[in-house]
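A.B. asks: Residues per chain, in single letters:
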Amino acid sequence: MNRPAFSPEGLTLGVCLVALGVLWTLANMGRLELLPALRTWWPLSLVLWGVLELVDLLVRRSSRRS
Amino acid sequence: MSSQPFDPESPASAIPAAPPPPPALLAAPMGAPYVRLPKSPGLAAFLSLFPGLGQVYNGQIARAFVFFFAFVGSIYLTASGHEFPFAFCIPFVYLFNIIDAWKGATSLNARFLGGKGAMEEESGVESPVWGGTLVAIGLLVLLNNLGWLDLDRLARWWPSLLILVGAWFVYASVQKRKASGSADEPPSL
Chain R
1 MNRPAFSPEG LTLGVCLVAL GVLWTLANMG RLELLPALRT WWPLSLVLWG VLELVDLLVR
61 RSSRRS
Chain S
67 MSSQPFDPES PASAIPAAPP PPPALLAAPM GAPYVRLPKS PGLAAFLSLF PGLGQVYNGQ
127 IARAFVFFFA FVGSIYLTAS GHEFPFAFCI PFVYLFNIID AWKGATSLNA RFLGGKGAME
187 EESGVESPVW GGTLVAIGLL VLLNNLGWLD LDRLARWWPS LLILVGAWFV YASVQKRKAS
247 GSADEPPSL
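Chains as they are written, first to last, in the numbering used here: chain R, 1 to 66; chain S, 67 to 255.
Okay, chain S solo, but in the shape it has when bound:
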């Protein structure tokens, strides 16, 4: 601050100079430059109206192939007489493809800004279930194709899949509640 005496006639001293802002305010986002994010989640989701195109936009080529062939394969198998369960797969794959593209773009943006991507956070929950499921489905279909197993005869047992998935959700829910710890527990009386 200046040590000059206050002169009411002087225009410079008509309004006292404001004190310099504290350092915390200097680092406020108001003064930060505009950062252009590498991916637009909205555009990725829009492109995914054609399955796989949003993943191509995100640079996830393998995912793009997976979604495209899952969608086309579901339509093909539905049209060739396997309405169940592939007719249900069509909307599921289609919507999941759009959500995945949105999340992929968001994750890439988060990584660009130095944060942790949403998909990396998800992959933090590591489990062999996904890999094991892929191997099991692949082996079942392969054995069926080779004539060593008749999937049509197993068709009546498909509700067991619902039981397994439901049991898995119950198990995961219980584990998550245990892991969330005693912080949420009400005080014992």
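So that you can see chain R by itself, here it is in the shape it has in the complex:
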């Protein structure tokens, strides 16, 4: 059966929400500026999503072989 190993979209969303929460907390503590940080680093979410899609593909292929 060709079931996905995990959901890349769901995992990306979860990690992004955690990161947003951490950044927002740090911003509330006065450690960083939230909006400039988000404006600079948001493409990391795309990179993470793409990497997870590739990992998911590799895991599915290897599980099908074994």
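If you're looking for bench data, these hints aren't it; they were derived computationally from the structure.
We put the beta carbon where it would ideally sit given N, CA and C, even for glycine.
Far from chain R by the CB rule (all over 10 Å, computed), these chain S residues:
(1) Leu-119
(2) Phe-158
(3) Tyr-160
(4) Ile-164
(5) Ile-165
(6) Ala-176
(7) Asp-216
(8) Asp-218
(9) Arg-222
(10) Ser-226
(11) Trp-234
(12) Val-240
(13) Lys-242
Estimated spans, in silico, between C-beta atoms of each pair:
(14) Ser-66/R - Phe-112/S: 42 to 48 Å
(15) Phe-150/S - Leu-38/R: 21 to 27 Å
(16) Leu-34/R - Ile-141/S: 19 to 25 Å
(17) Leu-26/R - Leu-205/S: 23 to 29 Å
(18) Leu-38/R - Ala-202/S: 17 to 23 Å
(19) Phe-6/R - Gly-108/S: 30 to 36 Å
(20) Val-15/R - Ile-165/S: 26 to 32 Å
(21) Leu-179/S - Ser-7/R: 19 to 25 Å
(22) Ser-66/R - Tyr-160/S: 39 to 45 Å
(23) Leu-38/R - Pro-151/S: 21 to 27 Å
Given the structure of chain R, go ahead and fit chain S onto it with the hints provided.
C.D. replies: This is chain S only, laid out in the frame that chain R set:
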């Protein structure tokens, strides 16, 4: 069948009893109970008039976030002076969001009925292109944001994307034709 002799006066024997239907007819869908499908594709598409809401209805929360932010982000970037290519993204994302909600609901219904969902069939065509594209776009924008790359200077090269996509379609078409096999091939003379 009864072994009684035929009596034309008897109301019971006025019409001969029909033979029992064959087993195949007993399993016909006419007698099957009505099955209520879990999702309505029409409702999912209708809800998607607000981008992402149809995916929420389908229980695909991550997709809902992706479509919502893709739509809002395209509008924001268009309004902030990047008309190209984000103005083209707005209708594309909007229509694709509606189609995706429809297909998602159809796929969930198919899975409910024990079949294979349309999206699972699609994902059967596995390719690293999607993941690689996401990584490439993310890295390009990140490098631009960090000042290590100037995307504005690369803007004149955007038609190369059309070339790449067109070449990919040609390649995929040729591969598909090869994979469809020799069954469709005309007999050689």
